[in-house]
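Q: For reference, the chains in residue letters:
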Amino acid sequence: MKVVEKKRTRKDEVYKVIKADDKWEPIGHTPMPEIPDLRNWDLRLLKTYKPFYAPFCDLCCFCTYGKCDLTGDKRGACGIDISAQQARIVLLACCMGMSAHGGHARHVLHYLIERLGPDYKINLGDQILVEAPHIRTVLGMKPETLGDLEKVMEYAESQLIQCVSSLHTGQEGSALDYESKALHISMLDHVVMEVADIAQIVGFGYPTSKADTPLVGLGWGAVDRTKPVILLVGHNPVTAVPIVDYLNEHGLADKVEVAGICCTALEVTRYSERAKVVGPLSRQLFFVRCGIADVIVTDEQCIRTDMPIEAAKVGSALIATSEKVCYGLEDASKKAVDEIVSDMLNHSKQVLILDPEKAAEVAVRVALGLAPKRNKVLVKPEEVPELAKGHRLCNMCSQVCPNLLPVGDAIEAAKNGNIQPLVEVFEKCIGCGKCEQECPRHVPIFKMMQAAASWEEWKIRAGRGPIMDTEIRKVGAPIVLGTIPGVIAIVGCSNFPEEIEEIAEIAEEFAKRKYIVVLSGCSAMVAGMKKDKEGKTLYEKYPPDFDAGGIVNVGSCVANAHITGAAIKIANIFATLPLRGNYEVIADYILNRVGACGLAWGAYSQKAASIATGCNRLGIPVVVGPHSSKYRRLYLSRKEEDDWTVMDGREKKLVDTQEPSPEHLITVVESKERAMVTLAKLCIRKNDTPQGRQIKLTHYIGLHKQYLGTLPDDLHLYIRRASDIPIFFKKEVTAYLEKVGWKEKPVLSLPTLIGTYPSEVPIDAVVH
Amino acid sequence: MTMTLPYHRVNVLTGTKAARIIEDPSEYAHLIKRASRPLLVLGPRILTMSLGERLLAEYAVEIAKAADIPICATAHTQKKLLELGVQPASNYDLIEIINHLKDPEWRGVKKEGNHDLVIFLGVRTDLGEQGLSTLKHFAPHLKTMTLCKYYYPNASYSLPNFRKDEQWKEFLDKLIENLKTKEA
Ligand code: SF4
Ligand code: SF4
Ligand code: SF4
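Here the protein sequences line up with chains A and B, keeping their order.
So the first sequence is numbered by the numbering used here: it starts at 1 and just counts up by one.
So the second sequence is numbered by the numbering used here: it starts at 769 and just counts up by one.
Bound conformation, chain B alone (with noise of 0.2 Å):
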């Protein structure tokens, strides 16, 4: 099997354990759909990157509304939530939330009990990697995802390195459709 590399370089893993490669939507959704309490952690790239004529912030919020996703605002992504209407479950930063995630008996940002599926969009890949990094070693109770359009070695489930950003959009929008429609 040839190794899959992430899109930046900085970001090779040196290891043993690895992402599962996702490329079709619905078994994201499943995923997604699956979980009893998944969490979106939104970085600071929602606000400077678009897809077609939409920032990624849009994508985010309609991701969050389609699966009832509590949403985590790190960095300074709040402000433009609230413009979308969306009011953020917490605005812990990408570090603190990660912090907490490691714990088991954390009761979550709805205090409901700690989350079993986090999905992360919109951080830097470096300080992703890192922040996954944790999880993978430290927190064996919960998977983590990724949206962004490359490929996250140390998440338990990442989308491959998309050459072009339509075929991202494509995966993203027909991920929000497979969320918006009721499992069997």
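Isolated chain A, as found in the complex (with noise of 0.2 Å):
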């Protein structure tokens, strides 16, 4: 092909997106990269980090050529192996996370650009100047309009294409390569999630700027069933937030409950403090079967997909309002209300209306219509031997749980009247309903389940959104320092091993020990289903600041940005690293210098994967729980062989630290004893000063004793210099050292990985 004339280069297209001429910050290496540009430093991550691989089935069946069996040393008819094949359907879950987040902030911002227009302004309040740091970092591009939202979208769809494409036969053929990709869309997984709770905030008025938002009722016992109730259920607030305001408008804000389960509760509670959140998405099932709401709404993701059914059998009304959504159902969008209205209350039908403040009137004029006719009675504990009366303890229920539950004991227990087992199941239940289906006999599990389900009201701090400028010039030295601990991340969904307890007795220990607790999604819920003696939640019993001791609960799974954003803020505000183009050098600031780890204990979809991921490209290591082991793909060192040499970046020279932190960018663990003291470790930085490293390691030495009984066994590699012991527990530590030969390391005075493989970057960009 001749080449006639050089008419726009990639640069030139980016540099105009980026609106290049506004010279708020130098252009860094790599704005709006593709998946090549910051392969170099995914391969980096991955020499230390190895992906680990567990194939959740040997088999590959993704195109004619198969099945393929890739058992061991097997390649398929496409000469793919078992790594590289588990590693595609690792980017695959990437992908569909991404793609949720990213059609979910599509939807957010098309509602939004149509009713206010794209020049509408972004403005976070006074408090937050630095609004979009994933945008910033990521695209180079500083965000000042929904429309500018629009440009940062087409760009992360430009890369989902490339991505995707790669998972098609005869493509990649590298697992290291597809791991790459992996984190590629994984960090435009939290670009996209920046966009959408960015468009919610400004477009919706939600809180911004202020740490104490208000509490709001949890729990399916906080919802006044004696009123008309409109469940929402999913994660996207365009419909439910024209309910509320057509309540309002209407004055029937106190006649009518609007309750959410999953994210969508966090969404309207941020708009409505009257609004409940029933609870995280293994009560979805559970709430619907009770049949307390007279509608329910759907949006999207982690919604029941035989919502119709579920809402048919309890004669809940259903109204779906996502394209994602339909269910099959008449669309009845264009429809004049008083006709649905009839519809639905006389002939019982189920409708999808893509028009939100349509299906807002609908879903108020429904449910008015029909709460009187409808009897929403729960079943009493002396009811529950009867209802399991045809049990006969074959177990084919305890086979089919995918939580590994006692259930056919519980329900035997129950039926001789002792329903205890039972509440500790509820406890446990993740909500899929197979034990019920199974039943040979139709034992109603669920029905049953009303019984030993706790019924009272807990309290929960509505979702805030970013952390603020203000926060961050507070408590980005002590966390660079190592004087605040770290900062521990629970987030993501509620397929948790044990009791949900779990979640608010972590979240309580690492506030009581001063570490910075922030909390998402169906986490951040149940951390507020505990009380204490004086009947206090943890919301209630500990300030909201993104401080030392803080429980911040940012709001629902895209607000996950703003928690990974406050990592990249700390770079910025802090540290003055600029942020525009500059991923590699802010991703290894965190890496080397911020004690942050996620804990995403219940992790079940595709986009905790991708969220999750997005976490360690940014240098951010997660904790998962053992279901987790299903994503078939974790990121481990082993510390004892791997090399552990960084770039001294001011003295510009290699340091064989020895000094494996964090250990881990993503690791399962199997007990939340465990999880703690994984926590406290992968919170441990190569940047702490000789205070801030003591203070970590008193918790790692505190929880590993309290836990496992003995001082940590790598403990000797986690100490430099004698002035790193703690002082608490100065004379084992040293009779420990002494044992194992325990000699000073070497020490340096900037840590990072730039310098140690190839990139543009030079070495003096980390030296702020």
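Hints were generated in silico from the structure; no laboratory data involved.
Heads up, a few of these hints could be off.
[Stated by the list, open to error] Covered by chain B, according to a simulated footprint, are these stretches of chain A (three or more residues, beta-carbon under 8 Å): (1) 49-58; (2) 401-414; (3) 633-645; (4) 671-677; (5) 703-712.
[Said to hold, decoys possible] Derived BS3-like pairs: lysine-lysine, alpha-carbon spacing no greater than 25 Å straight-line: (6) B/Lys-785 - A/Lys-630; (7) A/Lys-739 - B/Lys-847; (8) A/Lys-459 - A/Lys-210; (9) B/Lys-879 - A/Lys-50; (10) B/Lys-932 - A/Lys-389.
[Unchecked claim] According to the in silico footprint, chain B covers these stretches of chain A (three or more CB under 8 Å from chain B): (11) 66-72; (12) 618-629.
Idealized CB from N, CA, C, for every residue including glycine.
Can you join these two chains into the complex? Each is in its own frame, and there are hints to help.
A: Dropping the structure here:
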């Protein structure tokens, strides 16, 4: 092909999108990166934190050459091996997760731009000037309007198409390259989450630039079932907001209950303090089957795909409101409201309404019309044995339980008048409904759970969105020096291995130890589902500040971008590193200096996969619960065997630190005890000052002794000089170090990976 | 041949290479004794499951002692084992020990060389099955064995699904007895 004339380079295009003429910061090396641009950073990370694969299935059935058996060293008909196939599935999961958040962002943006226009200004209040840390860092753009956010989406979507196409048969053949793509698309997951939440905050007027958002009602028991109840299920507030508006405009706000399950609950309570959070995803089927909801409004993500069947069973009306979830229903969007209401009330019709205002009016009017005709009586404990009378201990239910619960034994006990084992099963139940489906004797297990569930009301602090710049200014130095021992981000779904109370226990342990505890999504909800002796939940007991000992709810899943965004802001506001198109420098800073660690104890969805993988590219380690081994891939180091050499950025020389910090990028643990020990360890960073290291080790040693009974057997790896030894444990630790023949380790002034792998970024870029 | 399904259906194997089910404790004992560097990996269910009057952890300790097998104490099992008077050789977590076992050059928990037989007890069946899958695919240099009362398709050797705990108890008791007797 003859190149006639150089028309427009990619650089020209990028510079135009990011408004390069606007010189708020110098532009770094990777504005709007494409797949190859950060590949070397990924390969550097993956050199230390090697992918660990646990295949969930030995076969591949992606194309018509297959099924192919990939056991051991066999290859498929296309040439792929088991490792690359696992990485391929991981990339697929991350693409799904990113597109779920991206689809949400697109929907919200589209709705808001239609109403407010593309020039509507982004303003997050006077305490948040670094409005979009991810967009600034990844794209190099400072978004000023809703229209700018659309440009961000266009870029993210262009990368998604590349990544999804690499999944096709006969494309990528390397596991590491699939991982690099997974890291790439997951980095963009945080970008699109940021788009969604910024748009929501500015467009719907959610609280921003404040920490003490209102405490709102939490729990199925918080819902007043004497009123008409509208239940919102999913993640997207586009219909929830007009429902609240409609109720306010018609003087119905205190006559109709609005309650949510999963993230829409967190969204609607940011908009209205009156709304209630029923609970996490794991309580969805339970609550729906209680029949308390008169109208169920579904939007998107993590909703039951059999909702029409479940709603019909208990006589709840159903309105689907997202094009992503149409359930095969008739699209009534263009019909008159009166007609739809009449169809629903008189003919029990379930509908799809894609016009949010119309859906809102219909939901309220149907709830008002339907509620008086419905009977919402719950099962009482004394009725349980009668309900169980058909049961014969066959244990079919126990065998299909994905949380491995002894359901059959619990039903057996309940039949004999002891409901306690069923209470325990309910506490651990992830709400899949498989047990009841499998029961050959049709025992109504979920009905019986109504008597086993606690109907008390708890409190949750409404999601507050981004961490304020002022807070970052205050905690930046203590976090980087290590005197605040770490930021523990407890995030994600409710596929918990044990009691849901474990989340509150873990959060409290770290808050007491003066870590900063940040929560989001279903985890933020269950953290509130435990009361102390005085009847207070964690949200009532601990301050809502992003500061030592604070417990912060940032909001729904898409608000996870604010947690990772806070780490980016530390690099920017405290360390004054420029963000603009400067991803490697910022991720390197976070990996080596910001003691933050995520805990996704109940991760279940593909979104959780992309959120975690996005954290990893940014240098934030994540601990996940046992179910997450089914994600198939972890990033693990081997502390004694691996090379822990980094560059001393100031001296510009390589230093073998011999220190495995952080030890893993993503790891599975089986018990909450081990999770706490691991979290404390994964907050250790090479940059800690001796004082900071002492504090971090005090907690690591304290937790290790408490739960594992001894000093950690890798303690010597984390003590660089005698000045790192925690005073509280000085005698024991000194004796231990002598026993293992510990020697002082080299110290360095500015740890960085830049300079240890091929990169255009000069070492000086990390010196601030 | 009818296919044996694991007790927990989330662990159904979709593959071609599945564990050999062994119901005879003497055969298990023989396999353990024949191994030159066995390793016993213990998970947290040994702290909560009981057999008869005894905690599973006590069975674990007895097995380790009977055949002089080093223990890797995963999750938070180490504390209880210390209380029972046993010093685990390692407290790597489950995924970490598996990550090491994958490497044929690894020196093992006693720094004497990698293990040739890895015996699991007390790990959640779903996590255990995933870990065994890693070893099935990536550690052809070793064999795996499970002692829990369920069938684990991804292991090399597994017990069947015992319908009654008494059957499992009997198996473990006989296994211990067999391990204590010297083989000719
Ligand atoms: S994608 Fe490859 S491994 Fe999978 S079925 Fe097709 S040929 Fe076989
Ligand atoms: S609904 Fe709960 S108890 Fe029943 S199978 Fe699912 S997780 Fe287990
Ligand atoms: S499946 Fe039904 S009959 Fe069988 S144990 Fe469970 S509840 Fe009882």
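Q: If a hint holds in the structure, say so; if it does not, say that too.
A: A quick look at each hint next to the structure:
1. With a threshold of 8 Å between beta carbons, the proposed coverage of the stretch 49-58 of chain A by chain B holds, since 7 of its residues qualify and at least three are required.
2. Under the rule that three or more residues need a Cβ within less than 8 Å of chain B, the assignment of the stretch 401-414 of chain A holds, with 3 such residues.
3. Coverage of the stretch 633-645 of chain A by chain B holds [criterion: at least 3 residues with CB-CB distance below 8 Å; count 4].
4. Taking a C-beta to C-beta cut-off of 8 Å, the stretch 671-677 of chain A contributes 4 residues in contact with chain B, enough for the three needed, and the coverage statement holds.
5. Given as covered by chain B, the stretch 703-712 of chain A passes the check, having 4 residues with a CB less than 8 Å from a CB of that chain where 3 are the minimum.
6. A hinted pair counts as satisfied when its Cα atoms are at most 25 Å apart, and B/Lys-785 with A/Lys-630 qualifies at roughly 19 Å.
7. Restraint check: the Cα-Cα separation between A/Lys-739 and B/Lys-847 comes to about 21 Å, which is no more than 25 Å; the hinted pair holds.
8. Distance hint between A/Lys-459 and A/Lys-210 is fulfilled; the C-alpha atoms sit about 19 Å from each other, no more than 25 Å.
9. The hinted pair formed by B/Lys-879 and A/Lys-50 meets the criterion: a straight-line CA distance of about 22 Å does not exceed 25 Å.
10. For the suggested pair B/Lys-932 and A/Lys-389, the alpha carbons sit about 23 Å apart, so the restraint of at most 25 Å is met.
11. Given a C-beta distance limit of less than 8 Å, the hint that chain B covers the stretch 66-72 of chain A holds, as 3 residues qualify and 3 suffice.
12. Counting residues of the stretch 618-629 of chain A whose beta-carbon sits less than 8 Å from any beta-carbon of chain B gives 3, enough to reach three: the coverage restraint holds.
Hint compliance for this structure: every hint is met.
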